[in-house]
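As they're listed, the protein sequences go chains A and B.
Straight run, no breaks: the first sequence in our numbering ends on number 676.
Straight run, no breaks: the second sequence in our numbering ends on number 90.
Read the hints as simulated data drawn from the structure, not as lab findings.
Only a predicted model underlies this, so the values are computations on that prediction, with no experimental measurement involved.
Beta carbons: idealized from backbone N, C-alpha and C, even for Gly.
Fair warning: there could be bad hints in the mix.
One side only, chain B facing chain A, incomplete, derived with CB under 8 angstroms [stated by the list, open to error]:
#1 Leu-52
#2 Gly-53
#3 Val-68
Where chain B lies over chain A, by a calculated footprint (3+ residues, C-beta under 8 angstroms) [as the list claims (entries may be wrong)]:
#4 115-124
#5 298-309
#6 365-379
#7 403-410
Residues per chain, in single letters:
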Amino acid sequence: MSTFSQQLRRYYSWYTCGFLALIGTLAFLEYQGMPARWIGYVFLFFTIFLYAAIGVLSRTADVSEYYVAGRRVPAIFNGMATGADWMSAASFIGLAGTLYLAGYQGLAYVLGWTGGFVLVALLLAPYLRRFGQYTIPDFLGARYGGNGARLVGVGAAILCSFVYVVAQIYGVGLITSRFVGLQFEVGVFVGLAGILVCSFLGGMRAVTWTQVAQYVILIVAYVVPVAILSYQNTGVPVPQVMYGQVLAQVGEVEQELFVRPGEVAAREQYAARAATFREKIERLPVSLQEERDAITRRINALKDSDAHARDIIALERQRRDLPATPELARERWLEEMRLAEEKARAPRPHAQAYPGDTEQERDQARINFLALVFCLTIGTAALPHVLIRYYTTPTVGQARESVFWSLLFIMLLYLTAPAYAVFAKFEIYTHLVNLELDKLPAWFSAWSRVGLVSIEDINGDGRLQLAELSLNPDVIVLAMPEIAGMPYVISGLVAAGGLAAALSTADGLLLTITSALSHDVYYRIIRPDASTQWRLVISKSLLLVVAVLAATVAAQKPGTILYMVAWAFSLAASAFFPALVLGIFWKRANKQGAIAGMLVGGLVCLYYIVRLEVDHIAWLGLHDLRMEPWFGIQSIAAGVWGVGTGMLVILVVSLLTPPPSREIQEFVESVRYPAL
Amino acid sequence: MKTPELEQRKQRYWLRNRQLTLALLLIWVLVTYVASYFADSLNGFSFFGFPLGFYMAAQGSLIIYVLVVGCYALAMRRLEKKYGIEDQGG
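The following block holds chain A by itself, in its conformation from the complex (with noise of 0.2 angstroms):
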């Protein structure tokens, strides 16, 4: 065994070794003038080249080796390997510039999604590594009985892991299509090979070992701009201590910047437009005619002076653009004027929490943080993808410690964050806020280009506001070498550490998927006594068909994907914490106690999530679904109900119903003590 880790450690030393030899490489080639192009496609086919290689030496026919990695990963390369699996494309490209815009808000992320790893040390590794078997439906299914829990459990796996590999593939095809000028579809089916070469032949073993890699590739390309920041500004390149500083000339940039006269004519006039949109919606359909007879005196004006006609047909589009009937006129003009009023808000300080200008204000957005908060550790704690790693440690004392191990190196990553994100801003208020529009760095009209950066000049100074300015989230990370003027090597680095940080997401998510297919529903469910080769010919094949429908779903860009996302974490933490801790801590918890609890509780947080997102269902014929939120909690937070209800729900239906059988009361005994 220790020889065994003294190899792994010995593998893992060169490749970290060689990967930095790799960056000096490119850095001294693009010094001697290698096109920016060429350093993408090396990063870009080198990685996955590197990928698809641990993916074929790893593969195997064996079932244990498939589902589990053999059980025999130690607890500090398990860890590396949750590292990466955890680690999302939202964590790796979305997380710092989410930072950036929500100040202390968005630290919610931060705290929930590392929070949830103490929960899965205390109350579910260790337990789930001694009860040992391949899924997370097998668990409710064996601690439950029958095939109920274990179906409501694949139902939920599935819902969830789907939406979030869909999102991953989104983010590998973001990549690609920017850094490598592939076109967006394909950068999904290029991402698509890359997952598929490494888990289709060796199952959780070779995502193992490729998450290992790709865990090294993350974390240096997270951390190496950052660590240049924070030499540039403060002499010292250990950003994670060093912001402290930097936080406080932010604070003191900001006190100024809010009130300049420029920012404050900027925000009156957004506010202003915002005013006018409302009134052109309360006055609904006059206004619309108005506004296109507007247009048509216009257009008849200009034909009469025999204007250009590029004006005239300019003046023509825009009256085709107008929305067609009222509804949709409401429906558009109610976006922009929530646009205009989020521009005419005054910017809040970075460290401020729960900014409002009433009591109330801030209460509310006290009580959203911590819902919100909740919601991310309860479902970091109910993810199956991150839960099935456990199981693959060789004692449950290296489970224990594999939590600790995959906590630390995840928060390499989450100290880093905050830090990005204060950097970042300190950057752009004082070097790019108050520039003159004609003299705005190159970077910020690439990065206009593809939309994720944009200004509007709604003053007519010539000169940029922070108010004028929105930036996508994106683009903090994605951008920042270019912003902070390093060498383009740095910038093909971070985009191979969001593609490791995507890939890896996916292959976790997508073994999950294939395994509650093939494992619970074929194996345990339809066919028992399928041969160990017909498993895996079976589960191989799975993979396959939900990789190209994730891929298929990923290439149609759906817009709320981000929101689907935070969704299904809520939508985990209701369906399944319950039942798992209540599993384990709870002797008296019995089938159908789980079967209502689970079901409960993933509606309950479905039901509240449609109730506030969507408006009408056509084709249901149900008509202003909106309600009002309960006590003012956001969507994103729908599963501080479910996780309540379903926890409720398993309290009363397991106590109004007999108590579980003899085996089942042994069983729970059986999972508490590590051995006996």
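Position chain B relative to chain A; hints supplied.
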């Protein structure tokens, strides 16, 4: 196989485990929810140049989480040795 002595050992082990879990969960709740609830008041204090409320959510809590999980793994290893129910693997 089932001797009273063994049963007693198992019960003790499970009791200790639950006590430890509960204590660590309390720390977790304190750090995650109570500290966050009072974040705006905590921001009035300064810690290494950070406002304290911000620091807790961005770094302090995370470091405490790692310590909690690490302590749990160590303490449980000792507990299992003491009660002779270690998982030897294999």
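To see whether the hints hold, each was checked on the structure:
no.: 1; hint: Leu-52; verdict: 10 angstroms, violated
no.: 2; hint: Gly-53; verdict: 5 angstroms, holds
no.: 3; hint: Val-68; verdict: 6 angstroms, holds
no.: 4; hint: 115-124; verdict: holds (count 7)
no.: 5; hint: 298-309; verdict: violated (count 0)
no.: 6; hint: 365-379; verdict: holds (count 6)
no.: 7; hint: 403-410; verdict: holds (count 4)
Hint compliance for this structure: hints 1 and 5 are not met, and every other hint is.
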